[in-house]
Amino acid sequence: MSVAMVNSSTVMGFIQDTKKFNNCINECFEMLDIDGNEEEINNLYEVIFKRFDKDEKGFIDRMEFESLIRELMLAMACGIGDLPVLVALKEHSLLMKAVQHELASLKEKT
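Note that UniProt numbering numbers the sequence shown so that position 75 is 75, with each residue one more than the last.
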């Protein structure tokens, strides 16, 4: 686990880099795209499906998953705002990837 200072521009910059964002979405989608039978997971999926399964096929495809993650990340950016916030990050989380993206962008500029 790592600790980093983030603000809305950290998350927004990551989302706006569509190539990097979509690569991360693909990684996450592949990792989560499993057929589990656990009741809790199914209940959670049902709520998510109602919101994001736009074509009502009973599963969330990659495009719908991208829409879900984009909406969550934008809400996170809005909630964080412009003031820096100190957060603990899991190694492979999307927020960690946003921080890594920002650091790489800053290195490219110098």
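For the record, the hints were derived by calculation from the structure and aren't laboratory data. Hints are supplied without guarantee of correctness; some may be wrong.
What the hints assert, rightly or not - Only pairs whose alpha carbons sit at most 30 angstroms apart, straight line, appear in this in silico DSBU-like list of lysine-lysine:
no.: 1; residue 1: LYS97; residue 2: LYS107
no.: 2; residue 1: LYS109; residue 2: LYS57
no.: 3; residue 1: LYS90; residue 2: LYS109
no.: 4; residue 1: LYS97; residue 2: LYS54
no.: 5; residue 1: LYS97; residue 2: LYS109
no.: 6; residue 1: LYS50; residue 2: LYS90
no.: 7; residue 1: LYS107; residue 2: LYS57
no.: 8; residue 1: LYS107; residue 2: LYS50
no.: 9; residue 1: LYS54; residue 2: LYS107
no.: 10; residue 1: LYS20; residue 2: LYS109
no.: 11; residue 1: LYS50; residue 2: LYS109
no.: 12; residue 1: LYS109; residue 2: LYS54
no.: 13; residue 1: LYS57; residue 2: LYS19
no.: 14; residue 1: LYS107; residue 2: LYS20
no.: 15; residue 1: LYS107; residue 2: LYS90
no.: 16; residue 1: LYS50; residue 2: LYS19
- Message: Under the constraints set out in the numbered hints, which ones does this structure not fulfil?
- Response: 2, 7, 8, 9, 11, 12
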